[in-house]
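Chains as they are written, first to last, in our numbering: chain A, 407 to 711; chain B, 407 to 711; chain C, 220 to 575; chain D, 220 to 575.
Some clues are possibly wrong.
With a cut-off of at most 27 Å between alpha-carbon atoms, the simulated DSS-like pairs for lysine-lysine come out as follows [unchecked claim]:
{"id": "1", "chain 1": "C", "residue 1": "Lys332", "chain 2": "B", "residue 2": "Lys518"}
{"id": "2", "chain 1": "C", "residue 1": "Lys475", "chain 2": "D", "residue 2": "Lys545"}
{"id": "3", "chain 1": "C", "residue 1": "Lys475", "chain 2": "B", "residue 2": "Lys521"}
{"id": "4", "chain 1": "B", "residue 1": "Lys520", "chain 2": "C", "residue 2": "Lys269"}
{"id": "5", "chain 1": "D", "residue 1": "Lys332", "chain 2": "A", "residue 2": "Lys706"}
{"id": "6", "chain 1": "C", "residue 1": "Lys269", "chain 2": "B", "residue 2": "Lys551"}
{"id": "7", "chain 1": "B", "residue 1": "Lys570", "chain 2": "A", "residue 2": "Lys520"}
{"id": "8", "chain 1": "A", "residue 1": "Lys521", "chain 2": "B", "residue 2": "Lys570"}
{"id": "9", "chain 1": "A", "residue 1": "Lys624", "chain 2": "B", "residue 2": "Lys570"}
{"id": "10", "chain 1": "D", "residue 1": "Lys545", "chain 2": "A", "residue 2": "Lys444"}
In case anyone wonders, no lab produced these hints; they're calculated from the structure.
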Amino acid sequence: MVEETIARRYSEWKMRCPTHLCTGQEAVAAAVGQVLKKDDFVLSTHRAHGHYLSKGGNLSGMIAEIYGKETGCSRGKGGSMHLIDLDVNFMGSTAIVGGTIPLGVGLGLSIKLKKTDQISCVFFGDAAVEEGVFYESVNFAVLKKLPVLFICENNFYSVYSPLKVRQPEGREIYKLAQAIGCQSEQGDGNNVLEMYNKVSSAVNSMRNGGGPYFFEFKTYRWREHCGHNYDNDLGYRTQEEYNFWKERDPVSIFETFLIKESVITKNEINKIEINIQNELDLAFKFAEDSDFPKDDEAFKDIYAK
Amino acid sequence: MVEETIARRYSEWKMRCPTHLCTGQEAVAAAVGQVLKKDDFVLSTHRAHGHYLSKGGNLSGMIAEIYGKETGCSRGKGGSMHLIDLDVNFMGSTAIVGGTIPLGVGLGLSIKLKKTDQISCVFFGDAAVEEGVFYESVNFAVLKKLPVLFICENNFYSVYSPLKVRQPEGREIYKLAQAIGCQSEQGDGNNVLEMYNKVSSAVNSMRNGGGPYFFEFKTYRWREHCGHNYDNDLGYRTQEEYNFWKERDPVSIFETFLIKESVITKNEINKIEINIQNELDLAFKFAEDSDFPKDDEAFKDIYAK
Amino acid sequence: MQNDKKRKLNYAQAINEAMFCAMEQDESVICFGLGVDDPKRIFGTTSGLKERFGPERVFDMPTSENAMTGVGIGASFNGIRPVMTHQRLDFFLLAMDQLVNNAAKWHYMFGGKTSVPIVIRLLIGRGWGQGPTHSQSLQSWFAHIPGLKVVMPATASDAKGLLLSSIFDNNPVIFIEHRWLHNLEGDVPAVDYRIPLGKAQRLRMGEDISIISNSYMTIEALHAIEVLLENGVNCDLIDLRTVSPIDWEMVYSSVKKTGRVLVLDTSVSTCSVASEIVARVSMECFNDLKCAPARLALDDCPTPTSSALTKKFYMGAEDIIVSVGKMLGKKIDISKISMQKAFPHDVPGDWFKGPF
Amino acid sequence: MQNDKKRKLNYAQAINEAMFCAMEQDESVICFGLGVDDPKRIFGTTSGLKERFGPERVFDMPTSENAMTGVGIGASFNGIRPVMTHQRLDFFLLAMDQLVNNAAKWHYMFGGKTSVPIVIRLLIGRGWGQGPTHSQSLQSWFAHIPGLKVVMPATASDAKGLLLSSIFDNNPVIFIEHRWLHNLEGDVPAVDYRIPLGKAQRLRMGEDISIISNSYMTIEALHAIEVLLENGVNCDLIDLRTVSPIDWEMVYSSVKKTGRVLVLDTSVSTCSVASEIVARVSMECFNDLKCAPARLALDDCPTPTSSALTKKFYMGAEDIIVSVGKMLGKKIDISKISMQKAFPHDVPGDWFKGPF
Ligand SMILES: Cc1ncc(C[n+]2csc(CCOP(=O)(O)OP(=O)(O)O)c2C)c(N)n1
Ligand SMILES: Cc1ncc(C[n+]2csc(CCOP(=O)(O)OP(=O)(O)O)c2C)c(N)n1
Ligand SMILES: [Mg+2]
Ligand SMILES: [Mg+2]
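The shape of chain A in the complex, shown without the other chains (with noise of 0.2 Å):
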């Protein structure tokens, strides 16, 4: 819904910097942020706005950041793709592909010299493990059997390019993570009970010197890959596949099962949706209302005291 939200108002153009939404990519984000606690450390990528939510980022502070204002998570220098709450751990997401990835071991590097029992989890998407330092990154956590989570959400493309045009046939990228030496599964990317459970299990391991574990899950990105449109006309991907994946909407799937098991009523989802919509209306307000940063404030802030 956040996301929807983003692409309707996003012609205003009134958010002024490069987007990458995750709508049909939602159940990786929840099931993972599900299982971490407040103080493991999560980092990201251009498409972090799922990431952030799920791990408890404040929400007005990301609307506010994407409209560029001073009350942004990130003051308004960073954008959709530099997202950052301290307060719950989530250390950041940048836009170079694969470059948080080496930033999470070096996190579970800190967290096995600290003696904690906390997780470090980066989230990359499928053209992130064609960079030499996915591989050098995964290396190092393994050899030193660091407590990193490893989240890769397989979603068939890099921008407008299949992954037969980067990565040889056959490739299972998980086994790849398993030759680095990295303890390694893969799962429906859309069903959001089965990722909770296997990444409990496996952090449960991590947290008790386990060492890394490494998740590709294969989801679907409905969107442009930047923007807020479809972009289906390009012909870069087929109707066909677009519908298979839209069927598989892994919020409606989660919403049925859970009333089909009673968890929940049709009632209650209607009432939860109406509380998101508000506080989404209160995040756009605040966003709206508040201030932009001076300009001399973009001279600000180069070195740390």
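Take the given structure of chain A and dock chains B, C and D with the ligands to it, following the hints.
What follows is chains B, C and D with the ligands alone, placed relative to chain A:
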């Protein structure tokens, strides 16, 4: 013998550049060099003397290069770590760990574009597989089915660092290449015949479009990492380990084998050795007699015409 | 040829035409990079290439910037002329080892026996929240490295002529395109023409001050010069076209004539190409200078994202006018030019609909 | 403390002592890099650390420069203060993405909410055939990047005081050591003392010319100044110590006093730190300059290997004397200093027995 002569004469301090000798590891270069044709491409690393010579590289040019002379194969600009001999398609060696691996893949790509049946062979050490560029390079070679022969000489050390501080326990380097999607084998790097056979059959398949091949050959460096001495006194490896490998000297093993199989007599070997020694003496004399480049030469050849 | 001269193309189309022209005449030219054959075709600059020259010569690649740079270099050893493209310069930071330790040094360190004829196209940007990881200008890094050539065309016709020269040059060439130039139109002849690397161009003739510029800043300078002219100030505008090697002869002769120099650059200030020009001019034309040399480049600061923060961050025609006025001791009214720019400051023009 | 002052250590020992001092007082300081715990201990600079602080805080690493830089950065988010070492700057080219896109920008791009207190020690070299891939000085690259600090100590006592400040600074600091300095002795107090980053030091006082220098070039300058003094020339020698940020105040005040400036640098010339200093001095002290500013840095050329080729390639005391003489219109006999240097030109002294 070349390496040992360099070692003997290095302390005359006339070879004024970092020099990495391959005594103990000769068999890998010898076997692979025997398989490759003159128009196949080879690239190598800081420890390149063996690879250069086995490809048919000019001996006098190499010694003169180490002496920093105008007649050196790189005209004094490269030194021991930067050798080239375009007459035999030895395309260059350089000292950045892993740095030539993608170049080898690029040559593979050029072969495919030009539709010849050449092979591009790249030599590297066990540390090079820790560089992300190794992994990126193999991935691309597999993706495009390029005729690239990857030869990893695993001598268990990177300078004084054993494998265990760099790679996870139980790592098999050749299996890593396999997981990336490359056909991959390991072998005894001190057994020249076995290597010759393995590499021959791989190269045959590669010439017929079979795609890249990776070999891990285990072997051992006798002398210090860089320089002409022994360095077992430093304590980074045990005398037992060293003795174990010394007894498995690839050259004498192969000599004994050849004599036993009556391929050659001790006498004939002696003759060959004398010939080599003569060639070597000539090469050193050539190097010593050659002029140094004029000091202004330093500022030439920055740009190609 | 005369007819030709009146042919209008925009900068992106001019790049595209240079690619066609090069690939047509020499089958060793190949083109690769993320997205070169995707629906958007690098803002149209690689349109039609795959269809015309096939997937062997025009291909997408894994997100492996370092290795793929090495692949290009290695291929060039065997006579291939690769043109590699990155949608943002920032991504290319992953490939500095291959660029500097291999491409730049190869010819030299093997005694001139071989060379590396590769072109790397890098896009730099400005505005629309490109922010800290999508907008860096690093020409001074490349210019600092002996063995590299660095090209930064400002006009459509230069873009074509310089790209053709870059592709057929036997050295590694960094070809930097400013995103805000892609839609600018200019006269672009249809024929194959080459603009020599290392030669600057005088775009305006004047006696009062030399403005030395490159890439998009040249467009801002042209706007500024119009206003300055109305105010009786005559500027010599030298567009460098190539920032390594630099056409010192033209720079010095201009400064010797005017005695004043203002250097523009798209990057941050410290250790920039602008620094180099100010330094050299000060060393070589010391006795000709009538006042202190000046430069206009970005403050030493990463790029902020918010449009509120980029307003003061970037330099434009107004800043140029103010600087020139100061150097000549004249106060010039800039309200007119400020008004000219009706569209918001963070987009290059109406055609720009974000987010790239 | 007075006694202390007379305590001699060499530069490598001073670095080692700074490491001990930092790791002793703050257990969040860690030290890693290829070979930090090997028998040679990075030319002795990391001796004893592993024994004293254990393998968790002092460790070797895979040959993965890019990821390991990121690992250091990530660890620093959680309060760790990593000191990472590379035996040659050239190897660090693999890590430019992590350094520039992450370490340098992190504090800024998240609105100042977090910082990256990491130190990266890089060695630069000269002579003994280090050649094209083992001797590059890239301080200007780092100085060009906002958010990084760049330190280049010339003396043993500065090495200790600056390394301690670097480690406890909350920003990413590039700490560049010249291999030819490691054996140079100096007075190094045993206590913990900090030399502020961004403050230069006046090493010689004079009225005739300002020499602005850094790292090993300062040693050559000291030799040159002795000879110049005998010839009646008084030099102001400013050792920058930190090349980013630069102590402009001290530089300008010196140049305003002497009216002449010669800038020394260990790197190639174009777009160098020396360029920046010449440029700024020309812009800021224009009216004080009595003659054109000058710089002595390397020709724009990769490093050759043969000792026959490095002779003219590197700059030394003789070149400084000749330049100063030229600027002052004096001819100075350099035969004495040339003779002083009995050892071959490609080694720093008798102690040096190659190959590193
Ligand atoms: C190093 C680098 N190369 C290229 C890009 C351009 N780019 C931005 S997003 C993106 C797609 C990445 O795909 P993936 O990792 O699968 O994530 P997804 O967008 O599918 O979520 C690319 C290539 C970049 N940001 N960084
Ligand atoms: C990128 C890079 N990092 C570090 C070094 C320093 N170095 C020079 S040789 C060497 C050892 C490499 O080990 P390996 O690849 O196993 O080759 P070997 O020396 O054992 O033949 C290292 C680390 C380097 N040259 N390049
Ligand atoms: Mg993807
Ligand atoms: Mg080895």
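Problem - Index of numbered hints that the structure contradicts, given in increasing order - result: 3, 9, 10
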